[in-house]
Amino acid sequence: PAGDDLAQIGFSERVNPAQLFEPTGHCWVHRWCAAWSAGVAQAAAGLAGVDRAVFSGISQKCEHCRRTGATIPCRAAGCPRLYHLPCAAAAGCFQSMKTLRLLCPEHVAEAARTEDARCSVCDGPGELRDLVFC
1 PAGDDLAQIG
11 FSERVNPAQL
21 FEPTGHCWVH
31 RWCAAWSAGV
41 AQAAAGLAGV
51 DRAVFSGISQ
61 KCEHCRRTGA
71 TIPCRAAGCP
81 RLYHLPCAAA
91 AGCFQSMKTL
101 RLLCPEHVAE
111 AARTEDARCS
121 VCDGPGELRD
131 LVFC
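Numbering follows the UniProt record's numbering, in which position 46 of the sequence shown is assigned residue number 46; successive positions increment by one, without gaps.
Label-pair restraints from in silico Cβ distances:
(1) 18 <-> 112: 42 to 50 Å
(2) 56 <-> 78: 16 to 24 Å
(3) 14 <-> 92: 26 to 34 Å
(4) 97 <-> 28: 20 to 28 Å
(5) 109 <-> 18: 39 to 47 Å
(6) 23 <-> 59: 21 to 29 Å
Read the hints as simulated data drawn from the structure, not as lab findings. Even for Gly, the Cβ is constructed at its ideal location relative to N, Cα and C.
With the sequences and hints as input, model every part of the structure.
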């Protein structure tokens, strides 16, 4: 629909890796999308493993928008759901900025057991589906 910013996320069809990587092997990514991605870790020189995340995302569909390019997994044990970072917020996933841990709406209740999901004022988790970042 017109004005739907999420329609610009991901790829509607399968992408050739040559379209994403420069001849030098480098690729351009959004820093926070990369930081949240599976297999990416902070290293002294920046983020490590980004190239592998981009390559794997080529064929992975987002649970919310159904477009490819999803690289951010639900961290609940055994959950296969993947998201784009903006789609995760739109879908009602719990996202912790402290740990870069995402829980899909089906597993969002697991966040209540972690300290980073508790409000520092009321000491309660509140409605976790309404929290984007805690």
